[in-house]
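Participant: Based on the provided sequences and hints, a complete structural model is requested.
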Amino acid sequence: MSDDSNKGISRRAALKLLGAVPLTGALHWTPDAFSRATQMLQQDDAEAPDTKRKFFSAHEDATVRILVDLIIPRDDRSGSATEARVPEFMDYMLAEASERNRVEMHGGLAWLDTECRKRFSSDFVKSTDTQRKQVLDDISWPARARPELSHGVQFFNSFRDLTASGFFSSQMGWKDVRYIGNVFNPNWNGCPPEALRQLGVSYDS
Amino acid sequence: MSQIPQRPEFDVCIVGSGAGGGMAAYALTKAGANVVMLEAGPEWYSTRDSKMLVPAYASPRRGAGSREKPFGEFDGCIGGWDIEGEPYTTAPGTKFDWWRARMLGGRTNHWGRISLRFGPDDFRGKSIDGLGDDWPIGYDDIKPYYDQVDRLIGIFGSNEGLRNAPDGIFQPAPRPRCYELMIKEACDNLKITCIPGRLSILTRPLNGRMACHYCGQCGRGCQTNSNFSSPGVLIKPALDTGKLTLVTGAMAREVTLDKNGIATGVTYLRKSDGTEQHVRARVVVLAASAFESARIMLNSKSSLFPHGLANSSGIVGKYITDTTGAGLNGFIPKMVSRVPHNEDGSGGNHIYMPWWMDNKKLDFPRGYHIEVGGGFDPPSYGFMGGIQRYPGAGGYGKSLKDDYRRYFGASVGFAGRGEMIPSDDCYCELDPKVVDKFGIPVLRFHWKWSDHEYNQAKHMQETFRSIVHEMGGEVFSPMPTKEDGYGLASGGSIIHELGATRMGNDPSKSVLNRNCQAHDVKNLFVADGGPFVSQADKNPTWTILALAWRTSDYITQQRKGGAL
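Just so you know, the protein sequences line up as chains L and F, in that order.
All residue numbers for the first sequence refer to the numbering used here, where the first residue is 24 and numbers rise by one.
All residue numbers for the second sequence refer to the numbering used here, where the first residue is 584 and numbers rise by one.
Worth flagging that the hints you see were computed from the coordinates, not collected in a lab.
Nothing here was measured: the structure is a model prediction, and the numbers come from that model.
Don't be surprised by glycine CBs; every beta carbon is placed ideally from N, CA and C.
Be aware that a few hints might be false.
Stated by the list, open to error - Here are the simulated distance ranges between beta carbons:
1) F:S649 with L:R167: 35 to 43 Å
2) F:R787 with L:R201: 27 to 35 Å
3) L:N124 with F:D841: 50 to 58 Å
4) L:R100 with F:R787: 38 to 46 Å
Unchecked claim - With a straight-line cut-off of 16 Å between C-alpha atoms, the simulated EDC-like cross-links for lysine to aspartate or glutamate are:
5) F:K981 with L:D160
6) F:K917 with L:D98
7) L:K198 with F:D985
8) F:K981 with L:D99
9) F:K981 with L:D92
10) F:K981 with L:D98
11) F:K652 with L:E119
12) L:K198 with F:D1067
13) F:K678 with F:D1067
Facilitator: Have a look at this one:
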């Protein structure tokens, strides 16, 4: 699928650098080599995930693509869930999930269609954006949801969690929440002054 | 069994390559012994095989766990509570899960590197409160070995002069993270002792190993060998002596005996071709993990030992323990929308709370320590699950996206790790019907917590809540009730298996003597967590290492004197 084959090479090179060092050679690694490898690793996205659907049906996939972008839309800081390939991530994970989780997902999506048909005589995909949001407004706030919608609430809680997992664990997500760790960083020396000030703590006491 | 005379005989055969086996291999080869080591799993070196710096998005699984990697796909340990083809059973009514690591280095590839010495009281619990049993040795017997382990392997920490959390030979501890400073402040207000963590991670170069580079991923194995795991720190130097023969893929089944009751070697299944093999040795050291070593002994039946090798006492498999555990997360409003920064530090907590109270004034007899976590972890599978629990959070769309940003890294976590009392209710034995895929009879576990442990877990929960509240925070989960066991983790889940071949001076009440030598078989030793007479409110690895080194020195002396 990939249009990022160039980046793929650098990633492979980095993996090779990190992976092919003989046991005794590790002692001769320089901080530079590590920093370079780390940067390369973080520059590129995953091995191109297999986009051939294994779990969702075509109809489910269409539903999921609309739903994840309602949950995490594009905004001024980052792209949408579909742009971060969340549906592909979900399909990959669910294909190997437990029977229980698989049934939960199939059944939850079916529940959503049923609810839309009851209200609007059309399934989720064929409903209008306003209609879809009416349903989501009713199931996405557990504390104030009507008891008869408890199955929808349960499904949406799990679906929202999985959407967030997929989005924020992507490269786009790491940048979005400004996560800057998991790197070779030999000069780490505690928190920077502005972070300390914000919490009202210091190293002096 | 039939012997082929021309096969080589080793001075020592060690079963297992974790903390105990690795330490024994190091000490014995350095002392000149010709050693063979059997390991059930494959070779694995963190310097070569670790996924230390791989970002979550480099995998379509985004770091999610699996059957053989329950702690996440990048985790350094191959193993788990559920291993294909290697079942175990539990007695009716028992909930117990048995963790096995199946790889070179065993579970030294899986741990928080929290490296705490047992204190003087921890060896004489019965003398203090009448429960359990005293050890046949005391702190002074093992202190020189703790010192040697500190110097050889390296540990950071601080000398505090606490009576039952002994000082060591420490490298400087890294600075606390800023949320750890907040926790420390809250603990000071609550009069809870809170000091720098004690982790076997190098903050200065040591013995040819680089200092930590603060990627925060010790659990994946360290590519620069800057923390402790057995393969890079113990087995590699042992191999370099030229005295160690390492056999991986070797599933030990039984220790063989001659007609005089002297161990002659170990029979194992070679996984590559399924054949039975035997290795001859003048001394056998079991270090396969406390319960696996007991299993090997129970399966080593002969006319001399119909109930299992060196089991004339009937104590093999008895008095098994795990560390008690309870945990809690707190949301800290002050930490909302924090200044982004690299908060990784070394893997694990830079502060911890050693047991700070007097049990005489409490309704449970033994203590616990507290480990902390929190802040900015690499976003991976499971990222911020349950967002709807945060104040005002939920829904969908742009406002939800902002909720994730605002609340990322705004939580702290506490884990209590305490001492359970060994009891007659907790033991393992051979299941009379079930074998594993190698045809080896498996263990059946019996387990029952007592109020000693439940009341301790209740105290943990209350303490964690008081710290969170002192930080101005909020706990999303309700206080667990008595019916929930106060949130006490089930047996085996903390993965600190100890006991089953305990030491003692009385051969009718113990398996091993004060040198971890079997009372019944003079050339059989145990060098894992099996010899422990009791837990402590400390993680056991540092004591396994010190004890294994002490046992190895004893073997060396006995060999020199001609007794072995």
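Participant: Check the hint pairing K981 of chain F with D99 of chain L against an upper bound of 16 Å on the C-alpha distance.
Facilitator: At roughly 10 Å apart (the allowed maximum being 16 Å), D99 of chain L and K981 of chain F satisfy the hint.
Participant: Checking one constraint from the list: CA of K981 of chain F to CA of D160 of chain L, max 16 Å. Satisfied?
Facilitator: Roughly 14 Å between the alpha carbons, so the hint for K981 of chain F and D160 of chain L holds.
Participant: What's the verdict on K917 of chain F and D98 of chain L, does the C-alpha distance respect the 16 Å limit or exceed it?
Facilitator: violated (26 Å)
Participant: Do R100 of chain L and R787 of chain F keep their Cβ atoms within the hinted range of 38 to 46 Å?
Facilitator: At 40 Å between Cβs, range holds.
Participant: Return holds or violated for the Cβ distance of S649 of chain F and R167 of chain L against the range 35 to 43 Å.
Facilitator: holds (37 Å)
Participant: Is K198 of chain L close enough to D1067 of chain F, meaning Cα to Cα at most 16 Å?
Facilitator: Roughly 40 Å between the alpha carbons, so the hint for K198 of chain L and D1067 of chain F is violated.
Participant: Quick check on a hinted range of 50 to 58 Å for N124 of chain L and D841 of chain F, using CB atoms only.
Facilitator: Distance hint for N124 of chain L, D841 of chain F holds at roughly 55 Å.
Participant: K198 of chain L and D985 of chain F: Cα distance at most 16 Å?
Facilitator: Holds, at roughly 14 Å.
Participant: Measure nothing beyond the straight line between the CA atoms of K981 of chain F and D92 of chain L; if it is 16 Å or shorter, mark the hint as holding.
Facilitator: Answer holds: K981 of chain F to D92 of chain L is near 10 Å, not above 16 Å.
Participant: Per the hint of 27 to 35 Å, is the separation of the Cβ atoms of R787 of chain F and R201 of chain L within bounds?
Facilitator: holds (31 Å)
Participant: For the pair supplied as a hint, K652 of chain F and E119 of chain L, is the alpha-carbon distance within the 16 Å limit?
Facilitator: Given pair K652 of chain F, E119 of chain L holds - Cα atoms ~15 Å apart, limit 16 Å.
Participant: Keeping to a limit of 16 Å between CA atoms, is the pair of K981 of chain F and D98 of chain L held or broken?
Facilitator: holds (7 Å)
Going through the hint list in order, the structure does not satisfy hints 6 and 12.
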